[in-house]
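Residue-level listing of the chains:
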Amino acid sequence: MNSLYMPKDSLIHSLDPRTKMLFVVFVVASSFILNDPALQLVFLVALFPLVVLAKVVKPYLISIQFLLLFAVLIMTVHGIYNPIGVTPVFEIFGGLTFKYESMVYASVMSFRILVIGTAAVLFVMTTHPSDMASALVKWKVPHSFAFILLSTFQIIPIIAREAKIVMEAQQARCLDVKGSLIQRVKNLVPMFAPLFIITFMKVHQLSYVLECRAFSRKGEKTSLRETKIGSLDYTFLLGMLGFLAFEIYLKLFMMGSLQLTTDALLTYSLFGTWIVFGFMIIKFVVKQFQGKIGGAN
Amino acid sequence: MNMMKKNSSFIVAMIPAGIALNWVANSIVEMLKLPLFLNNIGTVLNAIVLGPLWGGATALMTNVILALIVRWTYIPFALVGILVAFLSYFFYKKGWFKKGWKVVVSGAFTGIVASALATVVSVYVFGGFSGHTVDVLTAGLIASGQQIFNAAFIANIPGTVADKVLTFWIVWMILKIFPVRFLPNAKDIREKIGMGKKNNSGKKISA
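Protein chains in written order, with my numbering: chain A, 1 to 297; chain B, 1 to 207.
Simulated from the structure, these hints should not be mistaken for laboratory data.
Errors might be hidden in some of the hints.
Listed next, the stretches of chain A that the computed footprint assigns to chain B, with coverage defined by at least 3 CB atoms under 8 Å from CB atoms of chain B [to be verified]:
#1 61-68
#2 110-119
#3 156-164
#4 177-188
#5 194-204
#6 210-219
In this text, a Cβ means the ideal position worked out from N, Cα and C, and glycines have one as well.
Put together the whole structure using the sequences plus the hints.
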């Protein structure tokens, strides 16, 4: 089992994990400071060059698809039905009207999800889990927590394999997987009981091994992968600080005179999500169809 | 915290295993074609065996791992898992794991509270949606004139209650037939799940 990490050679990959964690915190904070759809859209577009720089454009687009589903649902349902809306913007068939206030609310929420999603994907795809753990240890997070984080990635496939063995063994002993609903619910116990026992056995083994390697011993622990903060990280951090100051200035002094959010922008962003969503559905249908007629790949 | 000193490596190994159980439960449920998640089963087990704090840690780490592997929208729902860990430990400690119907009632109560919290989280963070298939139902209920909070709550509650009842029931059933030598605090657990002095030698795991 692996996280979404993509081993590539890029500027973002060579940053220290701590810098990238601060970057995620910065993006989350900014997405709350800039609670205006237009500014958030600008921010989202401004994050895209970083994705290109990290050379993860294609996997980024794949993983952001699901968040777009959120955006479509939120913008459509809230745009029509949210009770805070007063001013009608436009009407679609069936007399359903999109209202200005509720569209602003929905756009802020869905752009925030996309912005945070972009930052999270950028962090996860460019940071090796081991680097993340060693960075956490350097931040004085207890060593055992970093170990839990790392060992989970290894233990999930082990338990998943055991689960598969248990399932097959129980089926070989005539466990009925196609019975009535109540029968299948009852079948959960003979599935989970051996799995729990196997899990406990594995846990005991693992804890003996850990003790053999002096896990609970006090003192400094070294890591195989070293991370270092260099001049690149300082430049990045300074850039983030500058941007944050600019955002706060914009928020405090310019909001009165600056009115970027218009009906057109809201409408076009709504249509934009619908069009992208439509493409996703077409792609899905085509894939299903290809599977039906005999698997073109 | 006494236990942490004595068994620290056991706890450190048990939390990833609990996370893995939360994860793997999904595939078992899928294979039996049941409309459930059971994605708190490791959390409840850890809350009972290790204590509420470690159960809560399991829930938190489960969602962190899900966020790292799948998508970040799982992180806010860690709160729900932590609540389930604390509630399950509370009911276990109060002796509600002694009889079958009590387990069901405590599971149902946990389900109601958990789905209320999940609704609050999803309304404030994601406008009432949670990224599961129930979102279609939520959207339909909103379209039919429900308030957003009510719609999300109504859409959530049947699945969550059934899920938590079954989770509690399975953990209880399995702890009853569990070989004692694997549990660190077996004596306490035996007492609390209602099989105090009874001789268990006749009972074998029929699985």
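Please list, smallest to largest, the hint numbers that this structure does not respect.
The structure breaks none of the hints.
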